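Visitor: Sequences listed follow chains V and P, in order. Mapping of the first sequence onto our numbering: position 234 corresponds to residue 234, and the numbering continues sequentially without gaps. Plus 1000 on top of the position in the second sequence (first one is 1) and you've got our numbering.
Treat the hints as calculated values from the structure; they're not laboratory data. Just so it is clear, the structure is predicted and the values come from calculations on it, not from any experiment. Wrong hints could be hidden among the right ones.
Result set (DSSO-like, lysine-lysine): computed pairs, CA atoms no more than 27 Å apart in a straight line [unchecked claim]:
{"#": "1", "chain 1": "P", "residue 1": "Lys1098", "chain 2": "V", "residue 2": "Lys57"}
{"#": "2", "chain 1": "P", "residue 1": "Lys1136", "chain 2": "P", "residue 2": "Lys1010"}
{"#": "3", "chain 1": "V", "residue 1": "Lys57", "chain 2": "P", "residue 2": "Lys1136"}
{"#": "4", "chain 1": "V", "residue 1": "Lys57", "chain 2": "V", "residue 2": "Lys143"}
{"#": "5", "chain 1": "P", "residue 1": "Lys1098", "chain 2": "V", "residue 2": "Lys30"}
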Amino acid sequence: MSSGWIIASVIIAVIVVPLVAGLLSGIDRKLTAHMQGRIGPPIIQPFYDIIKLLGKKPMVAGQAQLVFAWAFVGLTVTAVVLLALRQDLVLTLLVFFFGSVCLPLGALSVKSPYSQYGGHRELLQLLALEPILLLSAIPVSLKVGSFLIADIFAHGQPLLPSLWITFAVLLIPVALVMRKSPFDIAGSEHAHQELVRGVLTEYSGPYLALVEVGHWYAKIFVLSILGLFWVVGSLWWLSVIIALGGWFIVLIVDNVTSRLTWSWMVKFAWGCGITLITLNSVLIHLGWM
Amino acid sequence: MDILTRSRTKSPWLLHYSCGSCNGCDIEILAALTPLYDVERFGIVNMGNPKHADVLLVTGPANWRNYRVLRNIYDQMPEPKLVVVVGVCGSTGGVFDKCPNTLGGIDTVIPVDVYIPGCAARPEAIIDGVVLALGKLEAYGT
Ligand code: SF4
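Next up, chain P with everything else stripped away, as it sits in the complex:
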């Protein structure tokens, strides 16, 4: 593995965006970021800024209100970037599926790299999902 790819996989900075989920998965993401799980071991840092982020964690279904914001945030992240969807409602629509105001899963708006199932997804699963997504960076090249 060359030094750039290695650095990329060693330093994923996260951005968390909630598309109007029930907040269950948001709380699990915050739980995963607490000192208990110590994700900084993997170089993971929670950034509040799309321009600094490498991994976008999205919860909740895409809907008519938020899809523009979601796309805007995604566009502001410099390449290479990854999108990880946390929870079934972001993956497929879940409990919000077929509601008149929702569009369905996040992949109806932006490309998604990893889907983490669960309602809510557990912190361990979220960390595993991010690490799984990092594998995709090896294919990105320089």
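Okay, chain V solo, but in the shape it has when bound:
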């Protein structure tokens, strides 16, 4: 990579990503509304929400929470930048996990019972999500011969035909990160009342906006991982279509299912996810895929 290209990637990762993610959230809400026979909010609604939150009076439940909120956003942005710079896939995923853990830690640093509940549930969500996201790097590396994202680009062939099983499994972590049913146990996008707002309960005003923007980066991060399954030369728009295809499937599943229990979530994610990824790896190893 030339230094000009590196600077361009970093700028795209830091500045363009939240704009795209905000619009994507708006389209998400609009599509969901249409699926439910409603008109729904304008597509730029998420930006109205963020600007409004930034203009609210700051109220802080504890200084530790702010540190964790900033760490969540900082590390998630770092993961997106590492991905844009085509660094090591395992390292990128681990930085992403490190960031994701900061959000429940922030929630657990406050004594409010709802925040505690939300924090514990978010940790369970991470327990379900992290093994499969990390394991998915194994069949990818078996196929391209290394863990470097740059090598996926250099591979020259799309990964999807031989890795479609792993791709399907990855929709679970995508749904988890996007807080979509049936996995939205820690604080869904559509406020479930009995948990107040789960892990987000004690974040308010500008800090809620901060966490929300961090969440946007996280969404784009997992969708970009899906996009990696179809990178061929300069046809970058094919990756975008693949990522949006995965996103749309998650949206439909969100609208036709309801939230299930955490124990079901962990069993399903581990049972299905680990088995299928192992199967995919074995098939690649045997040269059958």
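Position chain P with the ligand relative to chain V; hints supplied.
Guide: Leaving out everything else, chain P with the ligand in the frame of chain V:
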């Protein structure tokens, strides 16, 4: 209208608290939040959390039991915030007026921005009331 005020009026998040009403108005509020009226068109979302809410919808009269809770919820909402009272019993005491256990309308405890009359108030009136309250945000400034 500057971008902040515009965003505020485009994104009112609601919190609903019942001060021991007869539940008539509560049911109308829930009716207003159903897909039939689709309040998300106006950016309205029902939040179960005072720390995230912009508009507090209150039903029922203030009484000796709940006024502390009401004040606590109000204090937890970050500025700028609006209070909309739904139904006559929250506005003035209504059918509960002069009962020994009640204090009267909600405005005996916290400042109220909009009163929505009716026993029970209709969903259309509730949506109109919230939209009317949003007009007050323009005066709030940055
Ligand atoms: S205004 Fe009438 S319907 Fe509404 S809560 Fe009071 S008594 Fe019930």
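Visitor: Hints first: check each against the structure and report whether it holds.
Guide: Outcome of the hint check:
no.	hint	verdict
1	P:Lys1098 with V:Lys57	38 Å, violated
2	P:Lys1136 with P:Lys1010	13 Å, holds
3	V:Lys57 with P:Lys1136	17 Å, holds
4	V:Lys57 with V:Lys143	52 Å, violated
5	P:Lys1098 with V:Lys30	48 Å, violated
Checked against the numbered hints given earlier, the structure breaks hints 1, 4 and 5 and satisfies all the rest.
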